[in-house]
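Asks: The listed protein sequences correspond, in order, to chains A, B, C and D. Each residue of the first sequence is one higher than the last, beginning at 13 in the numbering used here. Each residue of the second sequence is one higher than the last, beginning at 13 in the numbering used here. Each residue of the third sequence is one higher than the last, beginning at 13 in the numbering used here. Each residue of the fourth sequence is one higher than the last, beginning at 13 in the numbering used here.
What the hints contain is simulated information worked out from the structure, not anything from laboratory work. The beta carbon of each residue, even a glycine, is placed where N, CA and C say it ideally should be. Any given hint could be a false lead.
In silico lysine-lysine, BS3-like type, Cα no more than 25 Å apart, as pairs [unchecked claim]:
1) LYS328/C to LYS303/A
2) LYS328/D to LYS303/B
3) LYS328/B to LYS303/D
4) LYS320/A to LYS303/C
Only part of the chain A face toward chain B is listed, based on derived beta-carbon distances under 8 Å [unchecked claim]:
5) GLN74
6) GLY76
7) GLY261
Over 10 Å on every C-beta distance to chain C, these chain D residues come out as not near it, computed from the model [unchecked claim]:
8) ARG14
9) ASN58
10) GLU60
11) GLY77
12) ASP129
13) ALA162
14) ASP168
15) VAL207
16) MET315
17) TYR332
There are 4 protein chains.
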Amino acid sequence: MRTIGILTSGGDAPGMNAAIRAVVRSGISSGMRVMGIQRGYNGLINGEIYEMSRSSVSDIIQRGGTILRTARSEEFRTPEGRKKAYNVLKVFGIEGLVVIGGDGSFTGAQKLSQEFDIKTVGIPGTIDNDLAYTDYTIGFDTALNTVLDAINKLRDTSTSHERVSIVEVMGRHCGDIALYAGLAGGAESIIIPEVDYSFDELCKTIIEGKVRGKIHNLIILAEGVGGAEELAKHIEEVTGIETRATILGHIQRGGSPTAFDRILASRLGAKAVEVLLEGKSQRVVGIRNNKIIDVDINEALAMQRENKHDLYDLAKTLSY
Amino acid sequence: MRTIGILTSGGDAPGMNAAIRAVVRSGISSGMRVMGIQRGYNGLINGEIYEMSRSSVSDIIQRGGTILRTARSEEFRTPEGRKKAYNVLKVFGIEGLVVIGGDGSFTGAQKLSQEFDIKTVGIPGTIDNDLAYTDYTIGFDTALNTVLDAINKLRDTSTSHERVSIVEVMGRHCGDIALYAGLAGGAESIIIPEVDYSFDELCKTIIEGKVRGKIHNLIILAEGVGGAEELAKHIEEVTGIETRATILGHIQRGGSPTAFDRILASRLGAKAVEVLLEGKSQRVVGIRNNKIIDVDINEALAMQRENKHDLYDLAKTLSY
Amino acid sequence: MRTIGILTSGGDAPGMNAAIRAVVRSGISSGMRVMGIQRGYNGLINGEIYEMSRSSVSDIIQRGGTILRTARSEEFRTPEGRKKAYNVLKVFGIEGLVVIGGDGSFTGAQKLSQEFDIKTVGIPGTIDNDLAYTDYTIGFDTALNTVLDAINKLRDTSTSHERVSIVEVMGRHCGDIALYAGLAGGAESIIIPEVDYSFDELCKTIIEGKVRGKIHNLIILAEGVGGAEELAKHIEEVTGIETRATILGHIQRGGSPTAFDRILASRLGAKAVEVLLEGKSQRVVGIRNNKIIDVDINEALAMQRENKHDLYDLAKTLSY
Amino acid sequence: MRTIGILTSGGDAPGMNAAIRAVVRSGISSGMRVMGIQRGYNGLINGEIYEMSRSSVSDIIQRGGTILRTARSEEFRTPEGRKKAYNVLKVFGIEGLVVIGGDGSFTGAQKLSQEFDIKTVGIPGTIDNDLAYTDYTIGFDTALNTVLDAINKLRDTSTSHERVSIVEVMGRHCGDIALYAGLAGGAESIIIPEVDYSFDELCKTIIEGKVRGKIHNLIILAEGVGGAEELAKHIEEVTGIETRATILGHIQRGGSPTAFDRILASRLGAKAVEVLLEGKSQRVVGIRNNKIIDVDINEALAMQRENKHDLYDLAKTLSY
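Chain A extracted, bound-state conformation (with noise of 0.2 Å):
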């Protein structure tokens, strides 16, 4: 393999540049032409590529979203926007190709490869941890301490108007952004999409803390699972506490990535060139049980996320 490209796409996540870093200098070190792709796969059609060098990755390990900029594409879901990538891919000489992002990514890459002859690789680059096949994803971390650092702001001010505080945070299908975030930051209620919850069940714990004396409460909310805003005007009306929303938006996806997702980011930079050197080809990169592996994609992509109720009990015994 001479000559690999590499884009990020999908939404941006804290940690993509430093794996963008890891891929061109891994692959230069081996030896081959890295060739950045803007814009995702819209930019792949369009031809948005030049050659990237060890320099071009300077000073951006500390930075957050994505120097290769990204974007959703629809024309890429078509066959005939696959085979305008793939001969863009022809023309600069791309052999092989690391998409950054998360499962609707690796999808785009698996049915490249499917159709026509490119090897692809995926790393996975998204805050919201939902891809089962690896225990972390980039950018999951950072997110999670951006939360935190936004929860412990609101513990202030709640506890000084004796509050409860909703805090609705990124997850449409997986809470695990909530569910981690709510175990670190002491939230004395977490609702995430995999358990199913009870409002009754919600005020009560809220109306016994504030017997027991708890002088704030939190309730992290994943988005998936419905408006802050609304559950705040419920909780209000049955408990007769003061109850307000914030819902964090996309302050999550931003931020310098923390050590944690730049060692990760680092390595599986590392990895999906190696894997490309392999000559193999369908494959993402990922870490489980703290080790860096490689997986089939369609494998990866038809892995079910394992339940994470041990945690999510440990959350509610240790915030009683």
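Following the hints, complete the assembly by docking chains B, C and D onto the known chain A.
Replies: Relative to the frame of chain A, chains B, C and D by itself:
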């Protein structure tokens, strides 16, 4: 004056604890007893009062929120409520009352002093910086830096996606948070209640910026002017550029106070004690032209906020 | 087991409070009484012990340091000291003892269990990550992020002055902080006790970097290897490039724990209680291959730390 | 005035980039060309000059350090050096020169204007706050907050170990960082060049504090007064309490500038352009009594810093 009381009222602000610490320790140093009144005017009416010692304010200078808690009191707005409050003050021997809060809290103090034999002094504690008689209020600087931190995170993701980003910040009647954060954050547009804005102009700025090669476009919106979500939708319709809104909400009230807020709070707390020691009443303390001052409360509440068009224009020039 | 005790010993680490909270609340949930022992083994000998309730650990999960305080104890190293300690444990009815600390603290627990009828379990709390039986110790992740934050600040000023910057971090016998922070911080060179280094090679890297256009050059030095100031002087002499040393010192031990450390501490605290409930003794808990485990203390203390040359080499490749 | 130059000189300070951005964009808005001069007076002599555009200062307002780099220049201190510098300025058509730096840098500008036909204006960029004519210098507020962050971390570990903690901060001739950070950090003692201190008094404070139940004791030491390590040793000998020193060093110069520093820098940058536009020379800009001012450079350099005993005394009263 032998005994003074202190309470925090209205919305909390970072640095209130530093002000409480300063009042308590300055008061005790001057030979007075200092009584802490919990939960604002409500707690005063209910007699939630305890004597504070030097060590009761240890290790709080760096904490957000207020250890005295805060609340809004309907009852205190009635003559009967204030009569009750005065009776409690008499029972506890409190001759002077320090009120940390905003204009609503100051009006309460003013009425109490007008109706009864109790000396009052106000310390400006509100993140909104909406008090005309003082250049800065306690909490404003911390809130600004919290907003900047959020802007930094949004910049990462907005740049990666080449989006327009709207950040809605606090400030119902006063656009200072939006104005100062917009200037410091390099926002392309700032929308505040004090300055008329044109939606067409706003869109023109965005489109022109894109043409000139700006890869992100940041709009800071004071909550008093209108909804961020709605504005985002309109901009996207007109410009065709993806636009996302973030409402920062209550995280702006929290966090460890900055150096500026801690020093301002320390100085104002000491000044408030001094004012009471001099036998004055119905005063508010503040900072004007870098000097710590005290002002008649009626005068202070009647003052008009000066217009800050120079800063607004500077922000415009520098973000172009 | 009806009553357990808990103490923190040796150097403090961020996340110790989260572990204390987990032990207290898990213990109480399991029907046990939990006794807090202040100031480590010293406080145990002196009987500085009080019963902990659920609310005694409220609002501490986000705090650095340890609410139980910590100390080093000479007396406990003697058989007489341990005899006294055991007598105190008996008087207070403590049947199981949870010790949060590093290898010195674990050795103390081990001896106590060998000599007397007291069950012990250790929780790894040290920023150094120097315990071979566990992949991570509590506090390590927070310390890493503190070092990264310092590196970021030094990068600003080193780049502006085009200097070489040496950062000396903690780790007398174990270079993990230096290694991980160097990898995550994009350091050009990492000097750790586990890997021989050549001063000439170091200078060559600096000079070559300068020639290739690197405008700053960052060296991370583990304290165990030698003095940063001296090294700076030598480098400046040989390369002619201005070189500055920064010794981070004790700020590495402080700060609000990261999400990772809080979750690890919560899980390990709960596990420690479980281990005592099962009637085991002389165990230490940890995390290996992403699973929470418990290990015989003798085995744990005898294990050799695995070499991490892969990470070291990766850092070298990626920083070139 | 058609063309102006800008350089940064001496030690860097957070907010210098915000000032550069303001000069460039204000200058261009006023119809001038703005030439960036790299590496201070050295780069000027060497002709390291390029024209700056609006977009050349995009995305730098939040960055620490200075994109123009900085250096100290021996050659510029000689008449020959300044002659060379003037020749370069003439060649590039630069009629006015903006110098961002401290008193040494200002002296350079002053001499240049005295000896040659070149208009100069200085912007105070130094974390030390050691310029008498301005209440604040750019970078001071950021440095203060960096010191506070370090103090917070040290407080965690000092409290856990019940130690005395000495923090040595920058400020060779001016104790403002120590004074303001000590006041804001609640330090028990502050040692600055401007106020004589008694070692016995210091130890008395520590011992008394311990007796009164203080569990940590924080001393802030300005570097100009003496060595922290040595002081720690003496205190430990006299008081018998474990004492640790931390020398913060160059991290105080780095970091993203605070809101205060960014706004100050933006305003001062715009003012500097205005001063040159008015045809003035040998001026320095600053902030006094919350107003942006410009002052004759000779006058400014001759002014004596006012003593700040009131703040010193306040810190003493409030930390007792």
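Asks: Indicate, hint by hint, whether the structure satisfies it.
Replies: Status of the hints after comparison with the structure:
| no. | hint | in the structure |
| --- | --- | --- |
| 1 | LYS328/C to LYS303/A | holds (20 Å) |
| 2 | LYS328/D to LYS303/B | holds (20 Å) |
| 3 | LYS328/B to LYS303/D | holds (20 Å) |
| 4 | LYS320/A to LYS303/C | holds (13 Å) |
| 5 | GLN74 | violated (11 Å) |
| 6 | GLY76 | holds (3 Å) |
| 7 | GLY261 | holds (4 Å) |
| 8 | ARG14 | holds (29 Å) |
| 9 | ASN58 | holds (14 Å) |
| 10 | GLU60 | holds (12 Å) |
| 11 | GLY77 | violated (4 Å) |
| 12 | ASP129 | holds (30 Å) |
| 13 | ALA162 | violated (5 Å) |
| 14 | ASP168 | violated (3 Å) |
| 15 | VAL207 | holds (26 Å) |
| 16 | MET315 | holds (28 Å) |
| 17 | TYR332 | holds (23 Å) |
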